[in-house]
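Asks: The lines below spell out each chain.
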Amino acid sequence: MIQEIALGLLTSSVAVEGTSRLIVDIAMYFGLFVIVAMALNFQYGNAGIPNMGCAVQVIIGGFTVSAITTRLIFTLAGNAGVEILPWTSDYDWVYNSPVNVNIVNSWLSGKPLFCISMLLFTIAINLVLGAVIGWLISLPAIRLRATYLMIVLITMADASQIFGRNITWISGGTLGLFIPDIFKWYSGDRTIVMAIITLLIGLISFFIFRTMLNSPYGRLMRAIRENEVTVGSVGKNVTGIRRNILMFASGITAISGALIGFYFSYVVEANYQRALWTYWPWLMLILGGPGNNAGTFLGCALVTALRRIIIVNKWFLQEVFFFPIAYFEQILLGVLLIAVIIFRPNGIIPEKLLYIPGVNYRKLVDEEVVVDWRSASKSRGASSGISGIFRTLGGKKEEAGD
Amino acid sequence: MSEVLKIDNVYKYFGKFAANDGVSFSLKEGGIYLLVGPNGCGKSTLVNCISGIYVPEEGHVYYREADITSEDMYKIARRGLVRTFQIASPFLSLTTLENMLVALPENAGENIALSMFKPTWVDSEINAVRRASELLKVLGLRHVWNKPANTLSGGELKLLEIGRALMSGAETILLDEPVGSIDPVLCHQIFSHVLRLRDEIGITFLVIEHRLEVAAQYADHVFAMDRGKLVTEGTAEEVFEDERVIKAYLGE
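Those protein sequence lines, which keep their order, are chains A and B. Note that numbering that gives the first Met the number 0 has the first sequence beginning at 0, numbered continuously upward. Note that numbering that gives the first Met the number 0 has the second sequence beginning at 0, numbered continuously upward.
Note that these hints are calculated values from the structure, not bench results. Fair warning: there could be bad hints in the mix.
[As the list claims (entries may be wrong)] Between beta-carbon pairs, the in silico distance windows are:
1) A/V319 <-> B/N145: 31 to 39 Å
2) A/P349 <-> B/D66: 26 to 34 Å
3) A/P356 <-> B/A65: 36 to 44 Å
[To be verified] Cβ-to-Cβ under 8 Å is the rule here; a few derived chain B residues that face chain A:
4) K5
5) S50
6) V54
7) E56
8) G58
9) H59
10) R82
11) I86
12) S92
13) V101
14) N106
15) S114
16) V230
Quick caveat: nothing in here was measured; it's all calculated off a predicted structure. Positions of the beta carbon are idealized from the N, C-alpha and C atoms, including for glycine.
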């Protein structure tokens, strides 16, 4: 049954409508927000970094698509002999954008491999640029305590929007910028492919975050959340670890910004508002249960579905409710947030603190193995960072040699 | 016995108030040193200066002949100079075992990149658990290994502080009030652990303690501070018979 529907959706050459449309829409937004919410769970739920600047991490994805991927596609199309209008000056970049994108789209329609490689290139460059921006926002802020860190990150999210509004070559300023349709090669409804790819990326990032949280690194993060000073007092570089967490989460979050740029085929700074990309993910996290992967997943699914259903059915809802419905989902955000904090302060699924799955701690503690506890561990120092990887992998080799 | 820790003329001011007013002393390897003095005489400030929480305004701190005066706390801890806290500060929602495991310096799974690939860190995690559970056995905490730290008693938390320092591979431990608000029986147990660790591994201890009747009998050497200055030093008998120390503790 599901296969038939999926096949039917994939092979249909007409636009999807009605309930199927809504399902695709929810799937798309769920894919996008599960990335942001899981990254937020990684940062706030586990490491205790109250990142109120998710929007800045997302907007980098949008800017990457408009400023780098679009330019790259234009350049490659120009080299391939496609005649497009001039686009190098700021003025041409904005005002020729619709025409140019139209020309390039028809060129892209016969090149599925090129389009997919562009998507992969965008994701790769987002990981790098997201990490760079994570490092940049960590520079002034990472040593601050929770409240001040929050304020600095909110400010940065707003600042990033102002950059986008005023610097034309990034995303076309207030007018925005059209993006080449990298799913032009697909004959059916492109939104379905886009939704499937987004869901796939969302689920992959969910599993990556879950694996990392179920490892000694996740335990170290929870320890930092509980007591920073103690972690520092046993020789762990807390500032460095927090910075790494922010960089990694930024890299992953940026992908969702790029995906929404591709989905709309249009990037404008106003699409990356603080309310949408920071407060909604926070609601998902707090509703589901901070620090709990399943909770975050559930909260994300609930809030996304509710929000999209309200937005799509506003005309219908207006007939039922007596008050103006225009801001109903924003009201809902506030009401839900207050209700959750009063009735279930730990979320729908509260955090359960468990040992790392896959290592049998009880057996290890109970078994009688003679360990020389007297010998202090000889090589001290960071197991984090690049040098740690080489040391661990190098150590493995030596053992194999013996 | 070589010199491990040398404090050279350390000054630390809070505003105009000198919490440490030119303190100098040195610790030799494998000793148990006791630092006494009335409340507010600058003992904790001194430990904070040594362990890198504060940076002294003047003077230097040397650990094994390396200048660690303005180093970050975690770098000092990696050298093997680890402190515990006056108010036990464990990771409250983690279990006793996990509290110990976090302190291990070399754990491959604590690398952000390797943590994604489980086979790379399972071995080091298993070794870490074995070492931690052995240490818990030595400290007599094994029966509470599975309890969250917020359910432990005050005495168990103090032992956990020592265990965490040991787990991080400490060679010199600064114990800040290890038996404050602990019953007399457990006091002697904690100090017998200290003695055992000194004798078996050769760990150097600097103990800050107010309960002189317990601490004095275990200490090799006693430093007495008053109003930010080192008043006198020597064996326990010498120091506690010194008039200046009695005056500082009991008043005129």
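Asks: Work down the list of hints and note, for each, if the structure agrees.
Replies: Right, here's what the structure says about each hint:
Checking the proposed 31 to 39 Å range against A/V319 and B/N145 shows it is violated: the Cβ atoms sit about 53 Å from each other. At roughly 48 Å, the beta-carbon separation of A/P349 and B/D66 lies outside the given 26 to 34 Å, and the hint is violated. Between A/P356 and B/A65 the Cβ separation comes to about 42 Å, which falls inside the hinted range of 36 to 44 Å. Given hint, B/K5 at the interface with chain A, is violated; its Cβ is 21 Å from that chain's nearest Cβ, farther than 8 Å.
Against a cut-off of 8 Å between C-beta atoms, the interface hint on B/S50 holds, since the closest Cβ of chain A lies about 7 Å away. About 15 Å separates the beta-carbon of B/V54 from the nearest beta-carbon of chain A, more than 8 Å, and the hint is not met. This hint is violated: B/E56 has a C-beta 21 Å from the nearest C-beta of chain A, more than the 8 Å allowed. With a cut of 8 Å, the hint placing B/G58 at the interface with chain A is violated, because the nearest CB-to-CB distance is about 22 Å.
Because the beta carbon of B/H59 sits about 21 Å from the nearest beta carbon in chain A, more than 8 Å, this interface hint is broken. With 8 Å as the threshold, the beta carbon of B/R82 comes within range of chain A, its nearest partner Cβ sitting at about 6 Å, so the hint holds. The criterion of a C-beta within 8 Å of any C-beta in chain A is not met by B/I86, whose closest approach is roughly 11 Å, and the hint is violated. Interface hint at B/S92: satisfied, since its Cβ lies 5 Å from the closest Cβ of chain A, which is below the 8 Å cut-off.
Restraint check, B/V101 versus chain A: the minimum CB separation of about 4 Å is within 8 Å; hint holds. Because the closest C-beta pair between B/N106 and chain A is about 5 Å apart, less than 8 Å, the hint holds. Taking 8 Å as the C-beta cut-off, the interface hint given for B/S114 holds, the closest approach to chain A being about 4 Å. For the restraint placing B/V230 at the interface with chain A, the shortest Cβ-Cβ distance is roughly 28 Å, beyond the 8 Å limit, so the hint is violated.
The structure fails hints 1, 2, 4, 6, 7, 8, 9, 11 and 16 (numbered hints given earlier, in ascending order).
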